[in-house]
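Peer 1: If you want the building blocks of each chain, they are given just below.
2 protein chains.
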Amino acid sequence: MDNFFIEAVKEAERGLAEGGIPIGSVLVHNGKIIGRGHNRRVQNGSVILHGEMDALENAGRQEAKVYQESVLYTTLSPCPMCSGTILLYGIPKVIIGENKTFMGEEKLLKERGVEVIVVDDARCKELMDTFIKEKPSLWNEDIGV
Amino acid sequence: MDNFFIEAVKEAERGLAEGGIPIGSVLVHNGKIIGRGHNRRVQNGSVILHGEMDALENAGRQEAKVYQESVLYTTLSPCPMCSGTILLYGIPKVIIGENKTFMGEEKLLKERGVEVIVVDDARCKELMDTFIKEKPSLWNEDIGV
Numbered sequence: 001m002d003n004f005f006i007e008a009v010k011e012a013e014r015g016l017a018e019g020g021i022p023i024g025s026v027l028v029h030n031g032k033i034i035g036r037g038h039n040r041r042v043q044n045g046s047v048i049l050h051g052e053m054d055a056l057e058n059a060g061r062q063e064a065k066v067y068q069e070s071v072l073y074t075t076l077s078p079c080p081m082c083s084g085t086i087l088l089y090g091i092p093k094v095i096i097g098e099n100k101t102f103m104g105e106e107k108l109l110k111e112r113g114v115e116v117i118v119v120d121d122a123r124c125k126e127l128m129d130t131f132i133k134e135k136p137s138l139w140n141e142d143i144g145v
Numbered sequence: 001m002d003n004f005f006i007e008a009v010k011e012a013e014r015g016l017a018e019g020g021i022p023i024g025s026v027l028v029h030n031g032k033i034i035g036r037g038h039n040r041r042v043q044n045g046s047v048i049l050h051g052e053m054d055a056l057e058n059a060g061r062q063e064a065k066v067y068q069e070s071v072l073y074t075t076l077s078p079c080p081m082c083s084g085t086i087l088l089y090g091i092p093k094v095i096i097g098e099n100k101t102f103m104g105e106e107k108l109l110k111e112r113g114v115e116v117i118v119v120d121d122a123r124c125k126e127l128m129d130t131f132i133k134e135k136p137s138l139w140n141e142d143i144g145v
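For the record, the sequence lines run as chains G and R.
First residue of the first sequence? That's 1 in the UniProt record's numbering, and the numbers climb one at a time after it.
First residue of the second sequence? That's 1 in the UniProt record's numbering, and the numbers climb one at a time after it.
It cannot be assumed that every hint is accurate.
All copies of an identical chain are treated as equivalent in the list; a pair is satisfied when it fits inside any one copy or across any two copies.
With a Cα cut of at most 27 Å, we get these calculated DSSO-like pairs of lysine-lysine [to be verified]: (1) K107 - K93; (2) K135 - K65; (3) K65 - K133.
In short, the hints are calculated from the structure, not lab data.
Model the full assembly from the supplied sequences, consistent with the hints where possible.
Peer 2: And the structure:
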């Protein structure tokens, strides 16, 4: 298993331990994590800090070139907001834990030339399955339904 | 001129006065502003707080129904990130100041059923024209180029 992917899963687990939505992400540039984060809807009352957004925000202001050489790891298929952010910054590659509990904008990403790899990881799916079962309305809020 | 649109322009001007990128936004529900904001790249060192994102974040956690009944005003055509966020939350209508200095994802929004109205406002265009001329590298950073 890819070590960076393991770090994204750790972020998801950190979010869960905080009472939040268990989705984590890391942004990797030149073999180094430059930003890591997890969904903060519950913790910060944030409607924009999905896991991927938190990782990007924590990476801070970067030159365009850095994003264009980076890989974004996320435990769940990226929603329209996070996919749009991937497109804005021209991140060329996204590694996704699973897309069974939620299918994001993978088709749009591929159409725009982003390399999309789905790991189909059992732990990521278990985290979301359990969470959605326990807190369905919180999950629905996070995806705008 | 629509009063809500004027408030979005005021937000852009507020951002400029703070030394930031002059793009503002308001989220309107049932004839009332529930969130307002402006680009905070410079002020907060944020890579995700575009004007629209700041307005949504400041509106706080809302039920899906609220977004689905809202109108988002923004002084500039929304980038892929902000457009993705509009799609995530199912905001049905977006009123845009101008799209001459930057063309966002208006086509995608329309394809997905969002009503898109471009005001073609001279003040919005002037704010961006002047800003881009004075700080081209800061503007490029904001749109990932």
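Peer 1: Taking the hints in turn, state whether each one holds.
Peer 2: Checked hints:
1. In this assembly of identical chains, the alpha carbons of K107 and K93 lie at most 27 Å apart whether taken from the same copy (13 Å) or from different copies (24 Å).
2. In the homo-oligomer, the alpha carbons of K135 and K65 lie at most 27 Å apart only across protomers (18 Å), although the nearest pairing inside one protomer, at 40 Å, exceeds that limit.
3. Only between protomers do K65 and K133 lie at most 27 Å apart by alpha-carbon distance; the minimum there is 22 Å, versus 41 Å within a single protomer.
This entry satisfies every hint, going by the numbered hints stated previously.
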